[in-house]
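For the record, the sequence lines run as chains R and C.
Per the working numbering, the very first residue in the first sequence carries number 1; after that it's consecutive.
Per the working numbering, the very first residue in the second sequence carries number 1; after that it's consecutive.
Do not rely on the hints blindly, as some may be mistaken.
[To be verified] Some chain R residues well away from chain C (every beta-carbon gap over 12 Å; in silico):
| hint | residue |
| --- | --- |
| 1 | T24 |
| 2 | Q48 |
| 3 | E103 |
| 4 | A140 |
| 5 | A177 |
| 6 | T238 |
| 7 | G256 |
| 8 | S268 |
[Said to hold, decoys possible] Facing chain R, a subset of chain C residues (Cβ under 8 Å, in silico):
| hint | residue |
| --- | --- |
| 9 | N12 |
| 10 | A16 |
| 11 | G20 |
| 12 | A24 |
| 13 | W85 |
| 14 | G88 |
| 15 | L184 |
| 16 | H188 |
| 17 | T216 |
| 18 | L223 |
| 19 | F290 |
| 20 | T292 |
| 21 | D294 |
The set of hints was computed from the structure by calculation and includes no laboratory data.
Yeah, the Cβ is synthetic: ideal placement off N, Cα and C, and Gly gets one too.
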Amino acid sequence: MNAALEARGLGKRYGSTWAIRDLTLSIPAGRVVALVGPNGAGKTTLLQLAVGLLTPNAGEPEIFGWSPRRNPTLVLARVGFLAQDRPLYRHFTVADTLRLGRELNPRWDQPMAEGRMRRLEIPLDRQVRTLSGGQQAQVALTLALAKRPELLLLDEPVVNLDPLARRQFLSEVMEAAAADGLTVVLSSHVVADLERVADYLVILASGRLQVAGDLERLLADHRWLVGPASEAGRVRGTVIQAGTGQRQCRILTRDGSAPPGWMTAPVSLEDLVLAYLGNPSAGALPAPAAIPA
Amino acid sequence: MTGATWLAWRSNRQAAVAGGALAAAAAAALVGVAIWESTQPEGSVHTLMDGFRALLIAAPGVAGVFVGAPLLSGDVERGTHRLIWTQGITRRRWAASSLALLIMASALAAAVMAIGGQIWIARLPSNFDTTWGLYDLQAPVVFAYVLFAVALGAAVGAALRRTLPAMAVTLAIFIAVRVAFVELARPHLLPMVTRVVVSGDQNQSVVAPGAGYVDTTFLNAQLQPLGIGACGSPGCVPGPAAGIPYAALGPNTPFRVVYQPASHFWPMQGIEAGIFILLAAALILAALRFATRDG
């Protein structure tokens, strides 16, 4: 079974600045991946490399084993892509937008596309620019889903949407992922959006891979340890983040254990992400053996 | 229409409809005036001559700026290339379909307008110089200039990826190329015919009727051109260039005539049209290359 998205030594530079550098990554098929990192970490570049919008300067991504550069039609048929800002032709009607999908995609599912529009109460004869932001996002998502992709790449899909539209959008994504066994990669710099959706976590920082792995496993492996500051030196495990106060300290560890008397608490996705982003030298990557040569 | 051709049509149909309507209106006006003029007494016609001259010379530039330049610049400018390039077809297919539609629609509109112009020219009164005097308005060059201009616009738009600058640059290049070609290249598309008349009446025409680019130079006894530069050497007679009237030259002053004969007219039209159609083809290939680079 090929990985949905795989890269070895992937690099992309703009001028002399590397947006993605020596990135080796393998995302298993069937997962819903949260791709997080601060602005400028390389999330958009990675997604655009994966769908072939950008040409890498080093290495090459593979989508189910296919190179976007050498086999563009094979990759494009398998990937649904929703770019940042959810671009659509604003003067097209919704019907024209769906026709665009039908004309340009060999596996297009018109009944599914029209059914989604009906269910979401988006009239087909309306111009895209007259729709609300949430409705436009749903039209853009429908365009990506009705081509029947195996991998769905969503770049900051819920930015600028109100909370209700965010929730509705993400629940549509989850529903589609569950129904068709899609692999989904969602990038976001707002971690809270992804908490209920993702089951796999990838953290990028400054164009490098910092964390990659099953989300439940990562959450289980990390915990907060809270105890007297004087005993902080006795904490075992890898310290990702340590906050020391006058008398007490809070330490986020991986595979950590605390001296007797300390409290332990589970970490949230947001804790985890913030801790790693605050500590660029820490990493949690699968062992090299996990990536096939 | 299906596939990428449908998208090209749907995205550009306003320009296509407007361009087609203008070309059809121009052709209708040309043919209409031609028919009306033929019912009028001689001398009262050709009032619209300057208007039609301006129309047939400007139309290709207008097409290049408003139809060619926006074709491949708008998507990257608005970010919709990330929508189109991630559907099921390659960027190359997308660009090729857009360019094919542009060329076919432009060729059709250009042909309609050029043929309208030719009908109008054919109906002009017989005392008009309807060949060299209206060189720019003949169907072959009008047609070729339209294709060249839209291809130029498409290439510049694809290279710059910003619509307004692309329109301005297209206009500037089109005017520069056209003026330079008309001034420098066109008279020499075929070799000029040279005739030297050693003696005889200057008023007697030595040039066959229908010649263009006629240039006469008076010569001295050694058959060297008369003129300011020639004087100071032995046997120099000041020529008309030095302010001496023709009458002072005497009836037997030899002279040289250089010209394009009437038989060169249509071959030169064909050569000029061929050059600009080849340039259009090269620009289309360039547009394809520019348009498919990373956004």
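Hint-by-hint comparison with the structure:
1. T24: At roughly 23 Å from the nearest Cβ of chain C, T24 of chain R sits farther out than 12 Å, so the non-interface label holds.
2. Q48: violated, 8 Å
3. E103: At about 5 Å from chain C, E103 of chain R fails to clear the 12 Å cut-off, so the statement is violated.
4. A140: Check fails; 8 Å does not lie beyond 12 Å.
5. A177: A177 of chain R is indeed farther than 12 Å from all Cβ atoms of chain C, at 19 Å.
6. T238: Given a closest Cβ separation of 39 Å, the condition holds.
7. G256: holds, 43 Å
8. S268: holds, 33 Å
9. N12: violated, 12 Å
10. A16: Since chain R brings no Cβ nearer than about 15 Å to A16 of chain C, farther than 8 Å, the hint is violated.
11. G20: violated, 20 Å
12. A24: violated, 25 Å
13. W85: Since chain R brings a Cβ to about 6 Å from W85 of chain C, closer than 8 Å, the hint holds.
14. G88: This hint holds: G88 of chain C lies near chain R, its Cβ roughly 4 Å from the closest one there, short of 8 Å.
15. L184: violated, 41 Å
16. H188: With a minimum Cβ separation of about 45 Å from chain R (threshold 8 Å), the hint on H188 of chain C is violated.
17. T216: The hint is violated - T216 of chain C has no Cβ within 8 Å of chain R, the shortest such distance being about 61 Å.
18. L223: Result: violated, 66 Å to nearest chain R Cβ.
19. F290: Status violated, d = 15 Å.
20. T292: For T292 of chain C, the interface hint is violated, since the closest Cβ of chain R sits about 11 Å away, which is over 8 Å.
21. D294: holds, 5 Å
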